[in-house]
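The primary structure of each chain is shown beneath.
There are 2 protein chains.
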Amino acid sequence: MNNKPTLHTSLSPALLHLYDLNNSIVVIIDVLRATSTIATALFNGARSVIPVDSVSRCIELGKQIDGITAGERDGKVAEGLEHGNSPFEYPREFIEGKTLVLTTTNGTRLLHMALEKGADEIITGAFTNLSAVCEHLSQMKKNVILGCAGWKDRMNMEDTLFAGAVISKIGKYFSVNCDSSHLAANMYEKSGKDLFGFMKKNNASHYHRLMNFGLEKDIRYCLTEDEASVLPVYKEGKLLLKQRNR
Amino acid sequence: MNNKPTLHTSLSPALLHLYDLNNSIVVIIDVLRATSTIATALFNGARSVIPVDSVSRCIELGKQIDGITAGERDGKVAEGLEHGNSPFEYPREFIEGKTLVLTTTNGTRLLHMALEKGADEIITGAFTNLSAVCEHLSQMKKNVILGCAGWKDRMNMEDTLFAGAVISKIGKYFSVNCDSSHLAANMYEKSGKDLFGFMKKNNASHYHRLMNFGLEKDIRYCLTEDEASVLPVYKEGKLLLKQRNR
Chain A
3 MNNKPTLHTS LSPALLHLYD LNNSIVVIID VLRATSTIAT ALFNGARSVI
53 PVDSVSRCIE LGKQIDGITA GERDGKVAEG LEHGNSPFEY PREFIEGKTL
103 VLTTTNGTRL LHMALEKGAD EIITGAFTNL SAVCEHLSQM KKNVILGCAG
153 WKDRMNMEDT LFAGAVISKI GKYFSVNCDS SHLAANMYEK SGKDLFGFMK
203 KNNASHYHRL MNFGLEKDIR YCLTEDEASV LPVYKEGKLL LKQRNR
Chain B
3 MNNKPTLHTS LSPALLHLYD LNNSIVVIID VLRATSTIAT ALFNGARSVI
53 PVDSVSRCIE LGKQIDGITA GERDGKVAEG LEHGNSPFEY PREFIEGKTL
103 VLTTTNGTRL LHMALEKGAD EIITGAFTNL SAVCEHLSQM KKNVILGCAG
153 WKDRMNMEDT LFAGAVISKI GKYFSVNCDS SHLAANMYEK SGKDLFGFMK
203 KNNASHYHRL MNFGLEKDIR YCLTEDEASV LPVYKEGKLL LKQRNR
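Chains as they are written, first to last, in this note's numbering: chain A, 3 to 248; chain B, 3 to 248.
These are computed hints drawn from the structure, not numbers from a lab.
This list has only true hints and no planted wrong ones.
The calculated SDA-like cross-link candidates involving lysine to any residue, where the alpha carbons are at most 25 Å apart (straight line), are:
(1) A:K154 <-> B:A16
(2) A:K143 <-> B:N205
(3) A:K6 <-> B:H210
(4) A:K203 <-> B:K195
(5) B:K171 <-> A:H210
(6) A:K195 <-> B:G199
(7) B:K174 <-> A:D196
(8) B:K174 <-> A:N214
(9) A:K174 <-> B:N204
(10) A:K203 <-> B:K171
(11) B:K219 <-> A:N179
(12) B:K202 <-> A:N179
(13) A:K174 <-> B:K202
(14) A:K144 <-> B:N204
(15) B:K154 <-> A:H19
(16) A:K119 <-> B:L18
(17) B:K192 <-> A:T226
(18) A:K192 <-> B:E191
(19) A:K192 <-> B:S177
(20) B:K174 <-> A:N205
(21) A:K203 <-> B:E191
(22) A:K100 <-> A:E84
(23) A:K192 <-> A:C136
(24) A:K154 <-> B:P7
(25) A:K65 <-> A:E98
(26) A:K78 <-> B:N179
(27) B:K171 <-> A:N205
(28) A:K6 <-> B:N204
(29) A:K119 <-> B:D155
(30) A:K171 <-> B:H210
(31) B:K203 <-> A:G173
(32) B:K195 <-> A:N204
(33) B:K144 <-> A:N204
(34) A:K174 <-> B:R211
Incomplete in silico selection of chain B near chain A, CB under 10 Å:
(35) G152
(36) T162
(37) L185
(38) A187
(39) N205
(40) A206
The beta carbon of each residue, even a glycine, is placed where N, CA and C say it ideally should be.
Construct all of the structure, not just a fragment, from the sequences and the given hints.
Quick look at the structure:
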């Protein structure tokens, strides 16, 4: 039909197996808050972010490489770790030159799934680095899977909205034969870019959860575009900053 | 918090396991075209519709009970069966008093999954019987799972739109702590009730597939509200008409 690469959206890790990850770039999306924090830490000069899938592995690796251990379970700092999953914990004066060892409930797990399933390239995306993600995907001319981390295999609103934002911006460069992608794009358009208002009005589950922890500031930051517009690329166990072509 | 029953939307059979089906009414949704056709056949006087999960079982049972065998695989009449999955194949003069043995790609499979997972009651829903479904769910005051059949475990637009229509109408009677439900309702609202136009504009995968088979008439019928507003209830292997309380 045409020579455009394809773009699909996986709304939940439980749906990732439906998509062909070989020869594809997989974008790991965990807006509240893992991938927002990853972009922020790298933007602020972290040497790398190492995503690990368990708290014990996080502690072990943190000791081994003298890294900052961080992570949450069910939205709170996990026991035994030094830091949580808030982007505000990683300003330049703290994180510059350091390595962050991060374990999160949903995002890290999805990243490891994508790795096992043979993704050609893995990057992370969030509103904080929306432009960098879009620029990269439109330049690469490869098939794309937007992988929403969701919450314990349920899809969630904020990750879907981010997928929608990407599709609204660069969908025209892809062949999008995927109802999930159209759903996401429609949702993003319906939000009228007032993402915080949209999440509140719709009583989004994670909005509710984090507001109960007093984290409105985090939510607002994580829903703001391009506060930390770098491109984290996964290479040999680490998320590293990719220098952007200018 | 409150005493309202809960309502969740499962966007794909691959997500059904995330929801507690015990003590719940599960609505099987396969708008194009299984559940539209089930409502139509019963509305037109079919004695019952027996959903089966394989073509061979369909043929075997059809012979045994002298029923009409029908079904599709990948959108076409399956080999060895007498009829397809179009609602227009089942006018009153043909189907009245007869039993329809039906096998479909996605809807029948989801129904059997719901059965195995212990759903308290299983009904089928489509735009053709939207009001009957809404009336029943709002009267029963039980937890509800809107189960979208999708397409080979991918979510699809029309089933999600139907879930959204139900939520738009009767969501206020339920506690809806479920992002999928909010997304479905938003999408339905965004369609502005021009469902055919919305499916076309968004190049919905199944719209495209059926249009290629020359089935615009089927799509338009299946997206029209209350053409056959009866309530099919699953009982001991059969979908039967439930008499509505007036």
